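*Asks:* What follows is each chain in one-letter form.
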Amino acid sequence: MVALQLGGAPAATLGEVKNRADLIIFWGSNPAESHPRHFTRYSGTAKGRMNPNGRKDRHVVVVDIRKTPSVKYSDEFIQIKPGNDYEVFTVMRMIANGHIPDTDMVGGIPLQTLIDLVERCKKARMGVLFFGQGITETKGKHQNSTAIYQFGKDMTKHSKFLTLPMRGHYNVVGSGNVMCWQTGYPFAVNFGKGYPRFNPGEFSVVDLLLRREPDVAVIVAAEPIDHLPYAAAKHLENIPTIVLDPRKTLTTKIAKVIIPVKHAGVSVEGTAYRMDHIPIKMQAVLESPWPKDDIPLSTIINRIKKIRSEEKKTDGGKAA
Amino acid sequence: MVQAKVVDENTQVFENVVCPFCATLCDDITVQVKDNKVSKVNGCNLCKGVFLHAHEDWTKPMIDGKEVTYDLAVEEAAQLLARANNPLIYGLAATDVDAQKKCVELADLIGANLDNASSV
Amino acid sequence: MGIRIDNGEVIDPIHEEDCVSRSVHIKDGKIVKDAGKDAFVIDAKDCVVMAGGVDIHTHVAGPKVNFARLMTPEDHRYEHITREGGYERSGTGGVAATTYTTGYRYAEMGYTTIVEPAVPPLGARHAHEEMVDIPMLDKALFVLLGNSEIIFQYLEKGEQEKVKEYISWIMDATKAYSVKIVNPGGTNLWKYRGNLSDIDEKLRDFNVTPRQIINSIADAMTELGLPHPLHLHCNNIGLPDSYKTVIATINAMEGRPVHLTHLQFNSYGSSGKRKFNSQVPALADIINSNPNITIDVGQVVFGHTVTITADGPFEYHLHKLGGQKWYNGDVECEDGCGVVPYDYKRKSFVNCVQWAIGLELFLLIDDPWQVFLTTDHPNAGPFMAYPTIIKMLMDKDFRKEQISKISAEAQLEIPLKVLEREYSFYEIAVITRAGTAKRLGMTDKGHIGIGADGDIAIYRKSNDYEEMFSIPAYVIKDGEIVVKDGKVVKQVDGRTYYVKPTTGHADIKSDLEDFFENYYTININNYPVGLEYLHRPQLTPCLD
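Protein sequence lines, in the order shown, are assigned to chains A, B and C. Residues 1 to 320 (this note's numbering) are what the first sequence spells out, left to right. Residues 1001 to 1120 (this note's numbering) are what the second sequence spells out, left to right. Residues 2001 to 2544 (this note's numbering) are what the third sequence spells out, left to right.
Extracted from the complex, chain A is given alone in its bound form:
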């Protein structure tokens, strides 16, 4: 996200990949396990306008630190040393711009392999680089994404080239979009001064919890106790934590207040944004006795407004 803010990116919806891409690179991403049908629906075997034969019309490369289960679906596997992505992308950008560094190996990869890869990208009808948590959650973090987007821009001088993140949670893209249109920022927002301020590192969840700043927490459809670093998640046990979730989780275990809600996409309809920002309406297949989560949130909002206006009245009375 920060990388997008910094420089933008060449992107497209996944149907473009299906219809036109003849070179697919998965970098630090293991779709076979984390996005099992991505390969068949969009990127690998999917048939499209310029890819009538599907898999046969594409060259698939996997770049990762280990031989993941995705490798067996690829034509080429390039093993990279952990934490060297930024360096490798920098060298690939050099190669793309006509500068060959004086070295044999970069990040555990033979230089010639990178030269060949860049050449393949330049010649592609449409090349697509999908990158995953292996890039965004390791050394370098958003700088890695920035390097990838810059590489995508460099490639656009030669060929149609897209750089697309493999997002995890089914509607994490929706949460970024909604926050962006209502606050201007996709995450890490603070309303303490009465308007939205953005500062990752300060207002981001892990940093806030590590500094033990929040005095009450509301967790909506998330599993911080399971997903966040232990030291950060620990603080949630020490403050009143309110959890809205359809199902029992490790986080509901430590909650002071649990508010049951319908399960979006299972027991209630709703909109979610796919990783390429296409919104789709989800269906309901089960019945649940609880309301949809926006309903208790609305009740809480209205109740707080009422409490505040009553307090104002009392204060006003005292002042008089």
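A few of these clues could be false.
[As the list claims (entries may be wrong)] The list that follows gives simulated cross-link-like pairs (lysine to aspartate or glutamate, DMTMM-like), each with its CA atoms no further than 25 Å apart: (1) A:K305 to C:D2514; (2) A:K193 to B:E1105; (3) B:K1066 to A:E237; (4) B:K1005 to C:E2088.
Hint data in this document are derived by calculation from the structure and do not stem from the laboratory. These numbers come from a predicted model, not from an experiment.
Put chains B and C on the given structure of chain A with help from the hints.
*Replies:* Only chains B and C this time, still in chain A's reference frame:
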């Protein structure tokens, strides 16, 4: 909304269902429901995990580990947040847009920190 | 309770009322004959009373607007509104402002209706979700069809009836109000890094030309009776000699009704020392003799902005020129989009010529019913600059002062330097509400006749037109006072207008199912946007 096909008195089949697990958001899933439990689903293993276990481990309204009425749980949440100095609202990535909109509205009202899984 | 506005001067160009002293009555959200004895009375002494403003072209919602917000965090820091400041929702500004802020800002200028003009069909659900969060305003969206591969397939086979049928299907599936075309064919070629430069050039994957695209869609729209005609962003935008493309396009239209949007960006020649000059005199001549054409200007505003358009190849061109941030988002089977932040500088010869061209369009097109005020927000600048632009149109001394501040080299070359025309209040009312409402076919908007929507802006007369149009004394929306002295006093939610053309006679169901199966990545059953996504949906009937 797409209407479910009724197989028998207790069984329905839903087609073109969207899978709420990963951001691939496959929208071609067929889900068979029997007695308000998913009895069959044709997605990947992650998708099967969502639907086949969806009826299990449902939460109940609780305060401090004790079951309470729904209204009481919501009231307690409102009281806690009305008094909070520096609240945090976190999550949002595994629910729908309507709930996400309400999370921002709540954060705006109480001067909260608001974050989602993008920052982790 | 009703409202009666007394002592004001009514300017209602649709009824040819020019500063007529009369009362205006509003009740139950509508203009009525008599608001009743208990009506709340507004004393509009020394004020002009106009219908609420209607913006025919402003990018305020949808996927690419949200990317513009995402990519300009530095802008959001400059400006914000707070709940303490009396607004229900806080937000951030800058050019790509948040949804709530956008609604408040428009209302505080006296605008009550806006059109988001460029939504790819797959982005319609997103655009509607944002529009629900834009308060104070009635809204509508145009759906982008100029690079639709479904339409291309039908054009190859000469199946015009199916084009028509598809347009009626897609408008219903996206809850759109009309159709926009952006760089017909060019954005499709951008999927191979290409573009095209001539309206008779063939595409790569389809045996189709831009001429066929615009003619076919324009004909279908006429036959379907859409209330707003084809809304067209021509090929070759932003390039020297783009005016030739406009002339070719106008000729190709052969008298069909068309709205040429943000024409400023297409009015460039290649003469002069810098090989870049204004061709407004030539274009204005043609427009003056072709009543089928309307335009909006896309007036350049000096300063920082962010450009967002479905013209993917143009945005890449702009990115290469200046090296700014660049986002590209091609949309499968449908269209594309690009986002690039940009600064218009008074020191830049090209930017100054662009700025002058906008004003020349206003001043050289004779009939104000053919030229509308826009900044193509935010492409040429933010909509918040409208009051300043109005002042430049109404006050030639102010305009000359502004001309004296631009690049000296540009001052010598621009046709603007000799133009003396000044707009009247009446003409301003035409280019900001009456003309736009009429061209949109929104019959309840843009005027103050009996039965019109109770959307009114009351401006205190002043010699400083910028101040006058920045701070309306009152704005009334659906019969309620929502703004006082240029400040929101009540938050209300507007309607979303949509059109559902009656279907033709062709059967395209199996074609669509095949097309979705082969080329889309979303199930056809999950594609249409239902009415539940619209707030206060308002169906507008088609013309007979």
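*Asks:* All hints, please: hold or fail.
*Replies:* Outcome of the hint check:
Distance hint between K305 of chain A and D2514 of chain C is unfulfilled; the C-alpha atoms sit about 52 Å from each other, more than 25 Å. Restraint check for K193 of chain A and E1105 of chain B: the C-alpha separation of about 15 Å stays at or below 25 Å, so the hint holds. Distance restraint check for K1066 of chain B and E237 of chain A: the Cα-Cα separation of roughly 17 Å lies within the 25 Å cut-off, and the hinted pair is therefore satisfied. Pair hint K1005 of chain B plus E2088 of chain C does not hold up; C-alpha atoms about 44 Å apart against a cutoff of 25 Å.
Violation of the numbered hints given earlier is confined to hints 1, 4; the remaining hints are satisfied by the structure.
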